[in-house]
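Student: Those protein sequences? They're chains P and E, same order as listed. With our numbering applied, the first sequence corresponds to residues 3 to 479, in that order. With our numbering applied, the second sequence corresponds to residues 3 to 479, in that order.
It should be emphasised that the hints constitute simulated quantities derived from the structure, not laboratory data. Fair warning: there could be bad hints in the mix.
All copies of an identical chain are treated as equivalent in the list; a pair is satisfied when it fits inside any one copy or across any two copies.
Once the Cα atoms are required to be at most 30 Å apart in a straight line, the calculated DSS-like pairs of lysine-lysine come out as [unchecked claim]: (1) Lys319 <-> Lys249; (2) Lys256 <-> Lys105; (3) Lys105 <-> Lys254; (4) Lys319 <-> Lys354; (5) Lys319 <-> Lys112; (6) Lys105 <-> Lys159; (7) Lys112 <-> Lys88; (8) Lys357 <-> Lys88.
Being a predicted model, the structure only gives us computed values, none of them experimental.
Given next are the chains, with one letter for each unit.
2 protein chains.
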Amino acid sequence: MNLRKPAFSALFTCLLAAGFSGIASAASPNDPATLGKLRDAAMQSDWSYQRLEDMTDLVGPRLSGSAGDAAAVEQVAAAMRALGAKVTLQPVKVPHWVRGEEKGELVDYKGRPANITQRVVLTALGGSGATPASGLVAPIVRVRDFDELQARAAEVKGAIVLFDVVFDQGMADRGLAGNAYGQGSRYRSTGPARAAELGAVAALVRSVGGADYRLPHTGATNMKDGQRIPAAAVTAEDAMLIGRLLKRGPVKLKLTLTPQILPDADSFNVIADLPGSEKPEEVVIVSGHLDSWDLGTGAHDDATGVTASMGVLHTIKQLGLQPRRTIRMVAWANEENGLRGGNAYFQANKDKLEKQYAAIESDGGAGRTFGVQAGIRREAEKYFAPLQKALLPIGAGVLNRRDSASGADVHQLEAGGVPSFMPYVDTSAYFDYHHTPADTFDKVDPLNMKRHVAVLTALTWFLANTDDPIGRAPDQK
Amino acid sequence: MNLRKPAFSALFTCLLAAGFSGIASAASPNDPATLGKLRDAAMQSDWSYQRLEDMTDLVGPRLSGSAGDAAAVEQVAAAMRALGAKVTLQPVKVPHWVRGEEKGELVDYKGRPANITQRVVLTALGGSGATPASGLVAPIVRVRDFDELQARAAEVKGAIVLFDVVFDQGMADRGLAGNAYGQGSRYRSTGPARAAELGAVAALVRSVGGADYRLPHTGATNMKDGQRIPAAAVTAEDAMLIGRLLKRGPVKLKLTLTPQILPDADSFNVIADLPGSEKPEEVVIVSGHLDSWDLGTGAHDDATGVTASMGVLHTIKQLGLQPRRTIRMVAWANEENGLRGGNAYFQANKDKLEKQYAAIESDGGAGRTFGVQAGIRREAEKYFAPLQKALLPIGAGVLNRRDSASGADVHQLEAGGVPSFMPYVDTSAYFDYHHTPADTFDKVDPLNMKRHVAVLTALTWFLANTDDPIGRAPDQK
Chain P
3 MNLRKPAFSA
13 LFTCLLAAGF
23 SGIASAASPN
33 DPATLGKLRD
43 AAMQSDWSYQ
53 RLEDMTDLVG
63 PRLSGSAGDA
73 AAVEQVAAAM
83 RALGAKVTLQ
93 PVKVPHWVRG
103 EEKGELVDYK
113 GRPANITQRV
123 VLTALGGSGA
133 TPASGLVAPI
143 VRVRDFDELQ
153 ARAAEVKGAI
163 VLFDVVFDQG
173 MADRGLAGNA
183 YGQGSRYRST
193 GPARAAELGA
203 VAALVRSVGG
213 ADYRLPHTGA
223 TNMKDGQRIP
233 AAAVTAEDAM
243 LIGRLLKRGP
253 VKLKLTLTPQ
263 ILPDADSFNV
273 IADLPGSEKP
283 EEVVIVSGHL
293 DSWDLGTGAH
303 DDATGVTASM
313 GVLHTIKQLG
323 LQPRRTIRMV
333 AWANEENGLR
343 GGNAYFQANK
353 DKLEKQYAAI
363 ESDGGAGRTF
373 GVQAGIRREA
383 EKYFAPLQKA
393 LLPIGAGVLN
403 RRDSASGADV
413 HQLEAGGVPS
423 FMPYVDTSAY
433 FDYHHTPADT
443 FDKVDPLNMK
453 RHVAVLTALT
463 WFLANTDDPI
473 GRAPDQK
Chain E
3 MNLRKPAFSA
13 LFTCLLAAGF
23 SGIASAASPN
33 DPATLGKLRD
43 AAMQSDWSYQ
53 RLEDMTDLVG
63 PRLSGSAGDA
73 AAVEQVAAAM
83 RALGAKVTLQ
93 PVKVPHWVRG
103 EEKGELVDYK
113 GRPANITQRV
123 VLTALGGSGA
133 TPASGLVAPI
143 VRVRDFDELQ
153 ARAAEVKGAI
163 VLFDVVFDQG
173 MADRGLAGNA
183 YGQGSRYRST
193 GPARAAELGA
203 VAALVRSVGG
213 ADYRLPHTGA
223 TNMKDGQRIP
233 AAAVTAEDAM
243 LIGRLLKRGP
253 VKLKLTLTPQ
263 ILPDADSFNV
273 IADLPGSEKP
283 EEVVIVSGHL
293 DSWDLGTGAH
303 DDATGVTASM
313 GVLHTIKQLG
323 LQPRRTIRMV
333 AWANEENGLR
343 GGNAYFQANK
353 DKLEKQYAAI
363 ESDGGAGRTF
373 GVQAGIRREA
383 EKYFAPLQKA
393 LLPIGAGVLN
403 RRDSASGADV
413 HQLEAGGVPS
423 FMPYVDTSAY
433 FDYHHTPADT
443 FDKVDPLNMK
453 RHVAVLTALT
463 WFLANTDDPI
473 GRAPDQK
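Put together the whole structure using the sequences plus the hints.
Tutor: Rendered as C-alpha cells:
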C-alpha cells in the first residue's frame with residue numbers, strides 16, 4: 003500500500019477520524035450503549051415495583067406527621083443505605099392534621115318523608131376545621147364558580163357553601179388531565195377560605211376526579227386560622243343529589259367533622275446520593291414525594307415517584323456505573339399539605355443554586371410513560387437527541403419542551419433557574435384514583451412501572467453526565 | 003268488471019281474506035298498532051324515570067324494616083292510587099337487621115413497622131353477627147374454595163376465614179354476568195355458616211363485583227342462629243392486600259362489627275291492579291322489589307324494576323286502554339335479605355296458581371334492554387312473534403327462551419307452573435355498582451330506562467291479552 007498517494011491519505015484521515023469518533027463515543031458516559039444498557043436493565047428489573055409493594059403494603063398511608071410518614075422515612079433510608087448510597091435525613095417540621103369523624107346527612111328537603119334523612123358521602127379536606135362534636139346544621143348554597151359565590155354573598159352567611167364544579171374527563175382524555183384537575187382543585191384550595199370570608203359556616207367541594215363510584219377525593223385546602231371552617235369533599239354523586247334536591251327547594255345538611263390540628267411534627271426529606279466522579283458538587287435530583295393522603299395507600303401518588311427514583315440508583319449501581327455529577331434521590335416530605343420538604347431543601351440550597359444542575363420529580367403516577375417533559379430553553383432541546391433515541395424502543399422517545407416542568411417540590415428550584423423535568427405520562431385515569439381510598443398497589447401496572455424507571459434512569463444518567471450546555475431553566479412567568 | 007271469471011273470483015277471495023285478517027287484527031288488543039302505540043308512548047315518557055328519582059332522592063336506601071322501606075311503600079302506593087289503580091298492601095313480616103360500626107385493621111403481619119396498622123375497607127353482610135364492641139383479633143386463613151376450607155379445617159378453628167374468589171369480569175363481559183356473580187355469591191351466602199361450623203370466629207368474603215374502586219359490596223349471608231358469626235365483605239383491593247401479606251407470613255385482623263338483629267318488622271308488598279275486562283280473575287304480574295341494601299340508594303337494584311313496572315300501568319292508562327286479564331304491578335318486600343314478600347304472595351295464592359297467568363320481574367337493573375327472557379315451553383315460543391316485531395325498532399326484539407326466567411320473588415310461582423319472564427338486559431356493568439354505595443340515580447341512563455319501560459309494557463300487555471295457548475312454565479329442575 004502506497005501511502006503517499008493522496009487518495010489513500012484522505013482515506014486514512016477518514017478512518018482515523020471515524021476511529022477517533024468511535025473511541026470518544028465509547029468513552030462518553032452518554033454513548034448509546036450505556037444509555038441502552040441502563041434502559042434495558044430497568045426494563046428487566048422489578049426492584050422498584052417490589053419497593054412500591056413494601057411501601058404501600060407494609061407502611062400504607064403516609065400523611066405528614068403520622069406513624070406511616072415516619073415508617074416510610076425509615077424504610078426508604080434503609081433501602082438506600084443497603085444499595086450503598088450516601089443517605090442524609092434532612093429535618094423538616096411538617097403540619098400534623100388528623101382526620102376525625104366525618105359524616106353528612108341531608109336532614110331537610112322538600113318532599114322528605116317522615117323520619118328520612120339522606121346520607122352524604124364526604125371526607126374532610128386536609129386542614130379543615132372541626133364542627134362541634136354533635137355536628138352543625140345549615141342550609142346548602144350551591145355555586146358553580148367564584149362569581150356566583152360573590153353574587154350570592156347574602157345567602158352564604160350562615161350557610162354551607164357547595165362548590166359544584168364538574169371534573170372535565172373529556173379534557174383529561176385529550177391529554178390535559180392536569181388542566182382538568184386545576185379547574186376543580188382551585189375551588190378546593192381556595193374556596194373554603196373565600197366562603198369563610200363571606201360568613202359561611204362550612205364548605206363542601208365536589209370531588210375533583212373522574213370516576214363515578216361514589217368516591218370522595220380529599221386534598222389540601224388553604225385557610226388561615228381566622229378563616230378556618232369545616233371543609234369537606236363530597237362525591238360527585240352526592241353533589242348531583244344535592245343539586246337535584248335544590249331544584250325542589252331548600253336543603254339542609256347536618257355536617258359532622260372532627261379533625262384536629264396538632265403541633266407541627268418531625269419529618270425528613272430522605273436524600274440518597276451517588277457521588278459524582280468528576281463534578282461531585284454538581285447535583286442532579288431525581289425525586290418523588292414520600293407523604294401521601296391518608297385514605298388510600300398513596301400508590302400512584304406518589305409511592306411510584308419515590309420508588310422509581312430509588313430504582314434509578316439501583317439500576318446504576320447494578321451496572322457498576324458512576325456518574326460524573328452527583329445523582330441525588332430525594333423522597334420529599336409533606337408535598338400534599340404544605341410543601342415543607344421542598345421548601346426546606348430550597349432554603350438550604352438557595353445561595354448556591356448553580357450547583358443544582360437539574361431537578362427531576364415524578365408526581366403524576368406511573369401510567370404509560372411516553373417520554374420526558376423538559377423545562378429547558380429552546381436552544382437546549384437539540385442536546386437531548388441521544389436520550390430520545392435511547393428511549394425510542396420502549397415508546398418513550400418524546401421530548402416535550404416546556405417553559406416549566408417542575409413538580410411541586412422542585413418548583414422553587416426551577417424558579418431559581420434549575421432546569422426541571424418530569425416523566426411524560428398518560429394521566430387520563432390518574433385522577434380517578436388520586437387522593438381516594440382506591441389509590442392502592444394493584445392500580446400500578448408492573449410493565450408501566452418498569453418503563454417509568456427506565457425513563458427516569460436514562461434521563462438522570464444523561465443529565466449527570468452530559469457535556470452539553472443545557473443551561474438554566476427558561477424564565478418563569 | 004266481470005266477476006264470474008275465475009281469476010277475478012280468486013282475487014276477490016284473497017282481498018276478502020286480507021280484509022278479514024285486517025279487521026281481526028284491528029280488533030285484537032295485541033295487534034301491531036296497539037303494541038306499537040304502547041311502545042312509543044313509553045319511549046316518549048320520562049314518568050318512570052321521575053318516579054325513580056323520587057324513590058332514590060327522596061327516600062333513598064330501603065333496607066327491610068327501615069324507615070326508608072316504610073316510606074317507599076307509601077310513595078309507591080300513593081303514585082299508583084293517583085293513577086287510578088286498585089292498590090292493596092299485603093302485610094309481610096320482614097327481618098330487621100341494622101348495620102352498626104364496621105372496621106377492619108391488620109394489626110400484625112411480617113414486615114410491619116412499629117405503630118403501623120393497615121386499614122381494611124369492609125362492610126358487614128346482611129345477617130352478620132356482631133363482634134364485641136371493642137372488636138376481636140384473630141389470624142386470617144385465606145381460602146379459594148370450599149375444598150380448601152375443609153382441607154384446612156384445623157387452621158380455621160379460632161381464625162377469620164377469607165373466601166377470596168375473584169369476580170370473573172370477562173365472563174360478565176361475555177353476557178354471563180349472573181353466572182359470574184353466582185360463582186362468588188355462593189361463598190357470600192353459605193361461606194360464613196360453613197366457616198362457623200369449623201370454628202371460625204368470623205368470616206370475610208371478597209366483594210362480589212367487577213369494579214376496582216375499593217368499594218365493598220354487601221349482600222345477604224345465610225346463618226342459623228347457632229352459626230351466627232361476624233361476617234363482612236372486604237373490597238377486592240383489600241383481599242389482594244391480605245393475599246400479598248400472607249405470602250410474607252401470618253396476618254392478624256382486628257375486626258369490629260356491631261350490627262343488630264331486631265325483632266321482625268312490618269312491611270308490605272305493594273300491589274296495584276288494573277282489572278281485566280274479560281278475565282279479571284287471571285293475573286299478569288309485572289314487578290320489581292322495593293327493598294334495597296342500605297349503602298347506596300338502590301337505584302339499579304331495584305328501584306328501576308319497581309318504577310319501570312309502575313310505568314307499565316302509567317303507559318296503559320295514558321292510552322286509555324284496558325287489558326283483558328288483570329295487570330298487577332307488585333313492588334315486593336324484602337327481596338334482598340329474606341324473600342319474605344315473594345313468599346307471602348306465593349302462600350296466599352298457591353292454591354289457585356292457575357289464575358296467575360304469567361309473572362314478570364325486573365331485577366337486573368336498567369342497562370340496555372335487548373328483549374325478553376321467557377320461561378316458557380318450546381312450543382309456546384312461536385306465539386311471541388308479534389311482541390318481538392313490536393320491539394324490534396327499539397333494538398329489543400330478542401326472545402330468549404329458557405326453562406327458567408324468574409326473578410327471585412316470583413321463583414316459587416314459576417316452580418308452581420306460572421310462566422315467568424324478565425327483561426333481557428346488558429348486565430355487564432351491573433355488578434360494578436350492585437350492593438355498593440355507588441348504586442345511585444345518576445347511574446341510570448334515561449334512554450335505557452325508557453326502553454326498559456317500553457319492553458315491560460309491551461310484554462305485560464301482550465300477556466294480558468293473548469289468545470294463544472302459551473301454557474304453563476317448563477318443568478323446573
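Student: Let me make sure I understand: some of the numbered hints might not hold for this structure. Which ones are they, in numerical order?
Tutor: Of the numbered hints given earlier, the structure breaks none, since each of them holds.
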